[in-house]
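K.L.:
Okay, here's what each chain looks like letter by letter:
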Amino acid sequence: MARYDSLIGSVGHTPLVGLPRLSPSAEVRLWAKLEDRNPTGSVKDRPALFMVEQAERSGLLRPGCTVLEPTSGNTGISLAMVCRLRGYRLVCVMPENTSVERRQLLEMYGAEIVYSPAAGGSNEAVRVAKRMADEHPDWVMLYQYGNPANALAHYESTGPEILEDLPTITHFVAGLGTTGTLMGTGRYLREHVPGITVVAAEPRYGELVYGLRNIDEGFVPELYDPTLIDSRFSVGPEDALRRTRQLIEEEGIFAGPSTGAILHAALGFAAKAVQAGERADIAFIVCDGGWKYLSTGAYAGTLAEAAEKIDGQLWA
Amino acid sequence: MLASTATRGLAVAIEVRIPTILRPHTGGEKSVEGKGETLADLLDDLESRHGGLKARLVTDGALARFVNVYVNDEDVRFMGGMQAPLKDGDSVTVLPAVAGG
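Protein chains in written order, with this note's numbering: chain Y, 1 to 316; chain G, 1 to 101.
Among the hints, erroneous ones may be present.
The following label-pair restraints were derived from C-beta to C-beta distances [stated by the list, open to error]:
#	chain 1	residue 1	chain 2	residue 2	range
1	Y	E308	G	P24	32 to 40 Å
2	G	R23	Y	T302	50 to 58 Å
3	Y	E191	G	E29	43 to 51 Å
4	Y	D5	G	T38	45 to 53 Å
5	G	N72	Y	E249	24 to 32 Å
Hints in this document: simulated from the structure, not taken from any laboratory. These numbers were taken from a predicted model, which means no experiment stands behind them. C-beta: ideal position from N, C-alpha, C; glycine also.
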């Protein structure tokens, strides 16, 4: 059934597609969960919808409310769509070192943007949003970093969808930002697949993004539970972009740079399985398409040129 | 101590990348070299030349909450933490924890 009463009904139920060329063998296979097929083009449609609906059920969100959210882009765009359709005003706090496509999409959806300083990346956006929430006690901050509905969206939708499509799954690999995808999907898969390996891939940005004034300004999302993952990798821009290009060239999938980082980690585990002589079905998340990153230069020129261009940008 | 250096040694140093906010401890250097068979050893070795660095990275014997350390891009917390084994030629990256989303 692919008919829905409105756009919101079409969130989720994304395809899981095999990667016959990038998979090392018939026994060690890679599978891409195409979350770019969600209504606004990213995996964040799931948590955005769940967080809004949970807040409506609990009475926190009422008609005419203003929603406030710190975001590097995708969650903001997803919330902007949901808020537009549900009649809420949305204020996004977004770091200024994000692509122009994100700004334009948010503006088209009618969201208001407050920019936070580039240095410190999303940590600064969180800080600014928390301050604004204090100043506007009537606004509703859904707060994706600590809202259980973020992880629950993946526990109730992403996880079951993957297991239904790939009962033989051995590894799950996803990006680590709010940690919601890994916490929710990881918990569900751990409960249903004995011995599954859950892997986190996080983007390693340029120095500007880590330009905090103090190490104590580091930020770990409240949702994060390290016991739900088995290993965690930091993937730099060159590796991420190289894999992003490989994904287009070999499999025809046009994904954003963070997906390249995830694929990099997934391929590492595929190689380990081959070496150990073990079978593996490795599912990973395609977080979004490459469209919103075209202006950054991530897809033009040599790898080194592209990596240099996204240095200092939030590319995931 | 010379003997022990010699037996362990001729060690190819481990490269340690330092984030901007901790460079005051390394005289502004982006990357320094050290050695050690575990992360704890390495941090002790670094402390002998870059005083004050260890106290910024370690709290009560464990890595500080907002600090991430990666060995060849893998998070050491999943490799044994302070006891994570190191070998010659490893690349260690220290970064403050940042969010995404």
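K.L.:
When the structure is checked against the list of hints, which entries are broken? Sort them ascending.
P.N.:
When the structure is compared with the hints, numbers 1, 2 and 4 turn out to be violated.
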